[in-house]
Every structure is written in structure tokens, then in C-alpha cells.
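**Student:** Going down the list, the protein sequences come from chains A and B. Note that the numbering used here has the first sequence beginning at 508, numbered continuously upward. Note that the numbering used here has the second sequence beginning at 508, numbered continuously upward.
By construction, these hints were calculated from the structure, which means they are not laboratory data. Incorrect hints may appear among the rest.
Repeated chains share a single entry, so a pair holds when one copy, or any two copies, can fit it.
Stated by the list, open to error - As a list, the in silico EDC-like pairs of lysine to aspartate or glutamate whose alpha-carbon atoms are at most 16 Å apart:
1. 600 to 522
2. 600 to 589
3. 600 to 557
4. 541 to 599
5. 574 to 589
6. 574 to 557
7. 546 to 557
8. 541 to 526
9. 520 to 589
10. 527 to 584
11. 600 to 533
Nothing here was measured: the structure is a model prediction, and the numbers come from that model.
Number of protein chains: 2
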Amino acid sequence: MSPYRHVVIFQFKAEAPAEKVRGVVEAFRALPAKLPAIKAFEWGTNVSPEGLNQGFTHVFTLTFASKEALEQHYLHEPAHQEFVAMLGGLLEKALVVDYVAAA
Amino acid sequence: MSPYRHVVIFQFKAEAPAEKVRGVVEAFRALPAKLPAIKAFEWGTNVSPEGLNQGFTHVFTLTFASKEALEQHYLHEPAHQEFVAMLGGLLEKALVVDYVAAA
Numbered sequence: 508m509s510p511y512r513h514v515v516i517f518q519f520k521a522e523a524p525a526e527k528v529r530g531v532v533e534a535f536r537a538l539p540a541k542l543p544a545i546k547a548f549e550w551g552t553n554v555s556p557e558g559l560n561q562g563f564t565h566v567f568t569l570t571f572a573s574k575e576a577l578e579q580h581y582l583h584e585p586a587h588q589e590f591v592a593m594l595g596g597l598l599e600k601a602l603v604v605d606y607v608a609a610a
Numbered sequence: 508m509s510p511y512r513h514v515v516i517f518q519f520k521a522e523a524p525a526e527k528v529r530g531v532v533e534a535f536r537a538l539p540a541k542l543p544a545i546k547a548f549e550w551g552t553n554v555s556p557e558g559l560n561q562g563f564t565h566v567f568t569l570t571f572a573s574k575e576a577l578e579q580h581y582l583h584e585p586a587h588q589e590f591v592a593m594l595g596g597l598l599e600k601a602l603v604v605d606y607v608a609a610a
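Put together the whole structure using the sequences plus the hints.
**Tutor:** Spelled out as C-alpha cells, the structure:
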């Protein structure tokens, strides 16, 4: 079955303290251990040489077995909602796109 | 070595003909066979239930061995530049973020 990718891209506010930004990254990285619906997790900061990142700096790609897994065992889970609550006031913008990976 | 991910996200213009949009997808899908620096390729259209896609609809994730591979064996290759030329007039917006995948 094709993996379901959940791509989350953040731009933090200029005034967001670096320590809080690190805390968000660490909290996101801690989710897979709490939520087994997350089959794979990877992240990184933008290093594109093309200058088409529109201010976005942090990319997180989570893999689920299916959209149902995301909807039923991730989005509404307390661990995820606690993570989302941490973001309050820190983000300039966020983009979320999900796709079923095709070749 | 950690894979280098190149994430390309498009919103096509509302008036872009569906046939042209399909042509862009097919041309992008054809690049890995022409450019061996592309170690993996996957794509899909947005199916996120969260409504945070900001109008973006098409996601392509390409994997390279390194940033150097992208810079030296992809961005300036004629096959890639022909692909980019196809996009003219069809895109409402594009976002490109690259990251070295960390756990």
C-alpha cells in the first residue's frame, strides 16, 4: 500500500525565542514514540539554494499507513494536541500538505 | 549519509488546462529516468483534511545524495531546465524547500 505522507512546513516568527523553536522541534520529534500511527518521521531546516522557500524554514515529513490512520490515530490524539498547543504565538505561518505517494 | 530531500509544491492557475497540468506531472515523473542524480521520486495531490494547504495542490519529493548532487547534477541540467520552461504561465505559486533528513 502506498504510504501517506504528511508534510508540515513552518516559518517561525522573527521574535520567537530560539529556545522555544528548539522546543517545538524536540516535541515534534518526540511524537513518534507516543503515537505509533506515525510510521516514519524525518525533519530538517531549509537548505535549498533556489530561494523559493517563501520564508519557510522547518520541514517535517510524517508517514502514516493511510489517511484514516492520520485522522483516527493522530490528529485528535492528546499527544498531538498538546504539541499543537505549544505552537501558539510562535508561528508566522504554517503549511500542511498530505499526499499518497505515487511513483 | 542522510538523504537530501527536495520538496516542490505547486498551485496551478485556475485557468491552467487540465491537460497541461497532467503534462507537467508526466514531465516531472520522467525526470528520474533522465537524471540519475535523482535517487528517489514520489508525488501526489493534496488530500489533507486539515485545510492548511494554502491553495497548494501538487507535491513532489525528490531525493538526492547531497546538496552538491542537486546543484551539480540537477538544477542546471538541460532536462531539468526544459521541465522548468514548461511551467511558464501555468503556476499560481510554487514553494521549494530542501532539507537533509534527520530523525
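**Student:** Where does the structure disagree with the numbered hints, that is, which hint numbers, in rising order?
**Tutor:** 2, 4, 5, 7, 8, 9, 10, 11
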